[in-house]
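Q: Given the coordinates of chain A, work out where chain Y should sit on it, guided by the hints.
First to last, the protein sequences are chains A and Y. In case it helps, the working numbering puts the first sequence at residues 1 to 174. In case it helps, the working numbering puts the second sequence at residues 1 to 103.
Hints were generated in silico from the structure; no laboratory data involved. Treat the hints with care, as some may be off.
Claimed, not checked - Using 27 Å as the maximum straight-line C-alpha spacing, the simulated DSSO-like pairs for lysine-lysine come out as follows:
1) A:LYS161 with Y:LYS93
2) Y:LYS92 with A:LYS65
3) Y:LYS89 with A:LYS81
4) A:LYS28 with A:LYS140
5) A:LYS161 with Y:LYS92
6) A:LYS65 with Y:LYS89
7) A:LYS65 with A:LYS161
8) A:LYS64 with Y:LYS89
9) A:LYS65 with A:LYS127
10) A:LYS161 with A:LYS62
11) A:LYS71 with Y:LYS89
12) A:LYS62 with Y:LYS89
13) A:LYS161 with A:LYS140
14) A:LYS62 with A:LYS127
15) Y:LYS89 with A:LYS140
16) Y:LYS89 with A:LYS82
17) A:LYS51 with A:LYS65
18) A:LYS62 with Y:LYS92
19) A:LYS161 with A:LYS71
20) A:LYS82 with Y:LYS93
21) A:LYS161 with A:LYS64
22) Y:LYS93 with A:LYS140
23) A:LYS62 with Y:LYS93
24) Y:LYS89 with A:LYS58
25) A:LYS58 with Y:LYS92
26) A:LYS161 with Y:LYS89
27) Y:LYS92 with A:LYS64
28) A:LYS64 with A:LYS51
29) A:LYS127 with A:LYS64
30) A:LYS140 with Y:LYS92
31) A:LYS58 with A:LYS161
32) A:LYS161 with A:LYS51
As the list claims (entries may be wrong) - Short derived list, chain Y residues pointing at chain A, Cβ under 7 Å:
33) GLU70
34) GLN75
35) VAL76
36) ILE82
37) SER85
38) LYS86
Glycine residues also receive a C-beta, built at the ideal position from the N, C-alpha and C atoms.
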Amino acid sequence: MKAAGVPIALLLLAGSLPAQQVRWNFDKLAARASDSTDVSLDGAVLQLAGKFLSDDDKDQAKVKKLVGGLKGIYIRTFEFKKPGEYTAADVEPFRAPLRPPDWQRIVGTHSNEDGETVEVYIKNDSKGIGGLVIIATEPKELTLVNIVGAVDLDSLSELGKHFDFPQVEVEKKK
Amino acid sequence: MASLEDELRSALRRQAPSPDFAERVLARVAAAPVRRTPRVSQPWVRWVAAMAAALLLAAGSLEYRHYRGERAKDQVLLAVRIAGSKLNKAQKKVHMLAHRSNS
Numbered sequence: 001m002k003a004a005g006v007p008i009a010l011l012l013l014a015g016s017l018p019a020q021q022v023r024w025n026f027d028k029l030a031a032r033a034s035d036s037t038d039v040s041l042d043g044a045v046l047q048l049a050g051k052f053l054s055d056d057d058k059d060q061a062k063v064k065k066l067v068g069g070l071k072g073i074y075i076r077t078f079e080f081k082k083p084g085e086y087t088a089a090d091v092e093p094f095r096a097p098l099r100p101p102d103w104q105r106i107v108g109t110h111s112n113e114d115g116e117t118v119e120v121y122i123k124n125d126s127k128g129i130g131g132l133v134i135i136a137t138e139p140k141e142l143t144l145v146n147i148v149g150a151v152d153l154d155s156l157s158e159l160g161k162h163f164d165f166p167q168v169e170v171e172k173k174k
Numbered sequence: 001m002a003s004l005e006d007e008l009r010s011a012l013r014r015q016a017p018s019p020d021f022a023e024r025v026l027a028r029v030a031a032a033p034v035r036r037t038p039r040v041s042q043p044w045v046r047w048v049a050a051m052a053a054a055l056l057l058a059a060g061s062l063e064y065r066h067y068r069g070e071r072a073k074d075q076v077l078l079a080v081r082i083a084g085s086k087l088n089k090a091q092k093k094v095h096m097l098a099h100r101s102n103s
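Looking at chain A on its own, in the form it has when it is part of the complex (with noise of 0.2 Å):
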């Protein structure tokens, strides 16, 4: 009786702790792309943006608010030369941690036109949204976003319409 409380007693646990960032392994890829960028914002930085974030600038504005409620947002990118340099079997693990109950996949989108494939999970949690998964694979790149926290969907979908943002120059990985 009392070994099986512990599993209940980690259970409950399990639905107290916050909002997480998605574990995943990326070495494989990591090997075989031509080039990979790498973003890792966790609530602090997330923070520090929000102050240098203008509120005149109608754009930096809306990020601003769509930030604040976050507690992260992780970004990987690989790029690779030719295609068929990854394969779906590539993909799968990635795919693996977002199973229901906890995740749930709200749109899949394939495209044979240019091979695009677009997958959006949500996590629920008690207060709406907790957190976001987007996987986007093309022929010759694959996308992986991992945003925790209580994101608006809408306003993030429209921020993604405009590219007036100035062009960031990130650390590139290989």
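A: Relative to chain A, chain Y alone:
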């Protein structure tokens, strides 16, 4: 040749120092002026130096914080650009399909 050797031997022969040699050396050493490294004796000079160092540190720290903030802002904008564009693509396709099925 022999006379040259004799002269050299005579010039280089061991000689005992005079009895007051050590005393004379010590007296010269005592009489020589002592060179001291200049020291800042005024307290206000030290205070000014400390204040200047503190100000420099504070300015450096502020500058570094500003740099980190600007970098964080750029990264957030990039992250929103990437995530937003992917989500927007998916949303557009869903809308397109919905539009097709309605019409």
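Q: List, from low to high, the hint numbers that the structure doesn't satisfy.
A: Of the numbered hints, all hold.
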